[in-house]
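**Q** One-letter residues, chain by chain:
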Amino acid sequence: MNTLVLLLLIFFGGGLLTYLAYKISKVVGDILIAILGLAGAYVFFTVSSQTSLTFSLGGFTLGLGFSEYSWIFGLLLSILAPLALIYSIPYMKGHDRLEWFYMLFLFVIGGMFGILMAKDWVTLFIFWEIMTWSSYLIILYSRKKGLDKIGLKYIFFSAIGAYSLLTAIVVIGGTMRTLSIAETISLFGVLPLKAQLLIGILLITGFGVKAAVMPLHVWAPDAYTNTPMSFSAIFSGAMSKMGIYGLGLVVVNMYLNHGIGSVGHWLAWFGAFTALFGTFYAVVQDDARKLLAWSSVAQLGYIVTGIGIGTKLAVFAALYLALLHGLFKGTLFMAIGAVERQAGTTKFSELRALIRKMPYTFLSALIAIIALAGIPPLAGFVGKWMLYESLITSGHYWVVIFLFFASTAGFLYSYRFLFGVFLGQEEDDYKDVKEAPALMTLPMLLLALVLIVLGTLPGFIFKPLAYSMQGLGFTDISYHMSVLTNSWGNSVSLPYISWTLATVFVLFLIVITWVNHKGTHNVSTKDIHTAGEPPSEEDNYHFALDFYKPFMRSIAPVFKYSITRIYNAIGRGIEDFFEYVRRFYTGNAQTYALYVIIFFAILLLLANQIF
Amino acid sequence: MDNILILKIAFIGASITLLFIGLYAVLTKRNLIKIVLGLSIMDNGLNLLFITMGFVKHGTAPIFSPLVMEKLKTVDAAAQVMVDPVVQALVLTAIVIGFGVTAVALALVLRLYRHHNTTNIDEIRNLKW
Amino acid sequence: MVAVNPIYYIALPLFFAFLLPLFGKIHKELIRIVPGLLYAYFLGMSFYMLRHVFVTGQPYIVEIAGWKAPWGINLVFDAFTGLIITFISVLAFLVWLYSYRFKKVEFDNALKYFVLLMLVTAGSMGIVMTGDIFNQFVFLEITGLSSYGLTAYYRGRDGAEAAFKYLLIGSLASTFVLMGILLIYTQLGTLNMADIARNIHLMKPSLKIAAFLLLFMGFGIEAEMFPMNGWAPDAYSQAPGPIGAVFASMTSKAGLYALIRLTFTIFDFSSVSKLLFIMGLLTLLFAEGIALRQEKIKRMLAYSSIGQIGLIMVAFSFNTYLGVFAGIFLMINHALIKSLLFFSASYLAYNSPKKYIKDIQGFGKVMPITSFLFALGAFAIIGFPPFSGFWSKFYFLLAAAQKHYIVLIVLILSVSLVELVYYLRVVHKLYFAKPTGDYEPHSPNWNGMLAMILLALVIIAIGVYPDLVTHYIDKAAVMIMDKAQYIHNSLGI
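Chains as they are written, first to last, in the numbering used here: chain A, 1 to 611; chain B, 1 to 129; chain C, 1 to 493.
If you are wondering where the hints come from, they were derived from the structure by calculation, not from laboratory data. Computed from a predicted structure; not experimentally measured. Certain hints may be false.
Unchecked claim - With a cut-off of at most 20 Å between alpha-carbon atoms, the simulated EDC-like pairs for lysine to aspartate or glutamate come out as follows:
no., chain 1, residue 1, chain 2, residue 2
1, B, K128, C, D158
2, C, K434, A, E389
3, B, K128, A, E579
4, A, K347, A, D286
5, A, K312, A, E389
Could you build the full structure based on these sequences and the hints that come with them?
**A** Here it is, written out as structure tokens:
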């Protein structure tokens, strides 16, 4: 059997099988999903780039097959998906309707593989929609109060995206007489500029929704937060990358390779704004899951910026960051899922000092946070370095300033995440918290290990990335195991930079600890030094509340303008309008008869215009 | 002017007048029964219009009977004086249908009256918007 | 072959409808079984005949009582009408299956119900197949009269009100149609549609326009065209649930068919498609917008149904092969999906005393399978792949793009967003809130469940493998575009 079909069958057929398996016995189902996840990953690695399949459906000739470019996203997915599925087994234990959850979970993964192997727009759209509605149903899965609004918001914005995509696809089909992605790309230069802009902007809108580009991001924070964390790891880690995948196709393959740079330039600005404001919002969250969700929005902003700039180094950096983001955000969502399961909450104002209770979770979260914040020696640093370099060499100084500010502010939420959940004084409330089961910690630690390897020896991942870049028309990427040749013609030896900075950092840490150590003593959170003055009701007893008060005060004006409010106003306006319009049907039969006669009279009067 | 033409115009005028009377009743009368009557009048006006269209002066039944053939000799000549059979058939059908519609309408009016205790169409507006 | 003849579609239901009381005298159960046997026979016959037409390319033409076409009445079962007849047969069978033991229908009522049901299917099929325009009027009236009866089937107050509205507007429609027929007959002296189409250029232009407008009005009312569709939401919501499906899939489709025949075959106006386009678009926009603000589930479905018909009109108004193709596909899909929605919604609404959407909250727990099937129908009609709704929408948009109607595409997709919101709101109500407790759960009977599941399977099957129907639609679309072929088939010239 064709391996592509096999891959789809594992997830779609397997999804249906899972439904039955869970109906029979939970244990059988648990074993089945682990096997399916690993089998899917295995089959993906056996697929060669030559494997393809052409078939005809509904009068269209459709095709399947991975391209060099889509392969890298498949790689991310096949690392993340089995780990998330295995992690999910203990995480979801005790929930009811598991058969639905896992069926949809597998459908989402299958949908993503489908998108990546689609050779034409119809197939891409079909899998795109299957992925969308499956994930929408997973949001609804827990049926908690208020989730229906969040689900509706998600599916509504997804539908805006999907319909932009659909419009673009039919315009392509109508004007270019082809639905193949490769042909669209190669013939794109022939189109008049107006059509190029129309198709491209529609596609960018469509993919941009999934990549959570502002102002189409409003669904993302709520959606990422409100699914079971084992799915959030995929949701934020892998599914958002489908948007990035599409944006790369449009911006680089369609526009830049046919000499149109301005659209990408604009997109870069959108990405920069997303990065900045996403970071701001992440800083002020009290819920760790929400913080991670907003941080995802911000991180996707960087990636979109890189894609938008579209130089060789920028795209390379963007893909690298995309891959990394999938890995570390997967780890973080898993870690917070473990905390949620063991401690019962994810609020900073309630959690504290889980470091000794959940050391493995802390370790993997620490590594992921270091990677996220771009602190050397881990991988995020390399990605950011490349991104900044590409921005500076292509002259986008203002974008650099934006991003630099955003990533500095990113330290704030990174620190808050670690501190709020794992550090601080121990409390009796969390005395009995235990480390998560091995099946949950192992996937996290494994991902953390991957992050360390990729950070210290980025060459491992440069090879597949360089291979992928061929799909975007960038052929001569030179790299060594730990050295990237940059666009100035120098080779940048990343480990030297990384390790130097890391050493400085560690030394600085030791000095600080040494200096301050003597003056400290252990206190409990209830021990309030008020110098004889009893604290009033309003005083803050918990250190994690209003953590960044001064910072928040300084960026408060940003929060005054909310795009959500504009969307709500539009929605209400439409509803009110139709509430008024429906009075047209008065309920009186004679009025209806009158409408008929009036309509006939109008037709007669306008007969000369009509015929 | 030909008598026939005047007659025809008169018939057409009468049937159109009937149509408009019916329409007037349907659109302005508030009583359900009057509305049903209006519909019936419209039907009748239309039927009259049909008949008028098939009208032939001194026409005979459209049957090539030996009597007719003896009088007029040729088929063509006989066809000249025969009234159009099709419209008659159509009108017969239309009358039957009109009767059926009126019966159903009156049954509905009866039931509406039982439920609402009124035949005023303005007061029967439970279903709207 | 004696066992297959298009005339059976009309003759047998009429025959058995009036014999049904006698069957009831023999055994009560026969009242329910006889229509089912008949519909099962139609189902087989349609598939056989459609297959035959598809393979040989030869349509079935029947000349009633041996009169040759321009003088006698002929029935045409070609690639286009045959396809419509086939899906009407499919739905008639499923409606029968669904209503075999529907709720608490008493013996007397079951008799009336099935008699009217058989009449309405006979009428709809007659409108589609007949080649004679006056005959079409007669079938229109048969359909109309039996629909009034079905609308008022529940003896409540509102059923009669809805039926009266339907009757009033329906009578106006028949008056318009009759006047149009009269104009054509006085001018051309023929009632055969093919013959009229052949000679239409002989008509006086002003009278031709008048005749067209009269017929357009008449059939437009039956097809629920804006602004003449005030009766439709009332009738849909007051009739029994399966009859909502009948209205959506048969009577409105028959009216639509007549409109299409009018614009594509009988008249030779080139600019008529513009009129159809505008009216279709208005129908769509108004109905879908108003559906957003409905509080009762069946009324919401009714408006949604009207909106879909507007969409179909727009598709046909493109006047291109792809547009017609999309239009036929939309017709089939709308019939299938809206029937599923009406089937499931009628059980949902049955259990809530006041039929408000807010009353059905939490039914996902009370009636899991029915709720699930409603959700599936909602997904299908929104157009998510891999359900059949996706393909028809896709073909429609492709047809629009081919004509470079970008603004139209944006408009249609905005309407789709509205549709998505109001359908998913209902689905959310089903699954999110807790049941109010103010209901007595009546789960569907096995036959109702079977009918719904069969529909759902067909929807998924077409969605996954659209080639099941696209070949037939392709032939049908070619057929409707080819006026000369229709005249040739009917008259032999």
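**Q** For this structure, which hints from the list above don't hold up?
**A** Hint 2 contradicted; others consistent.
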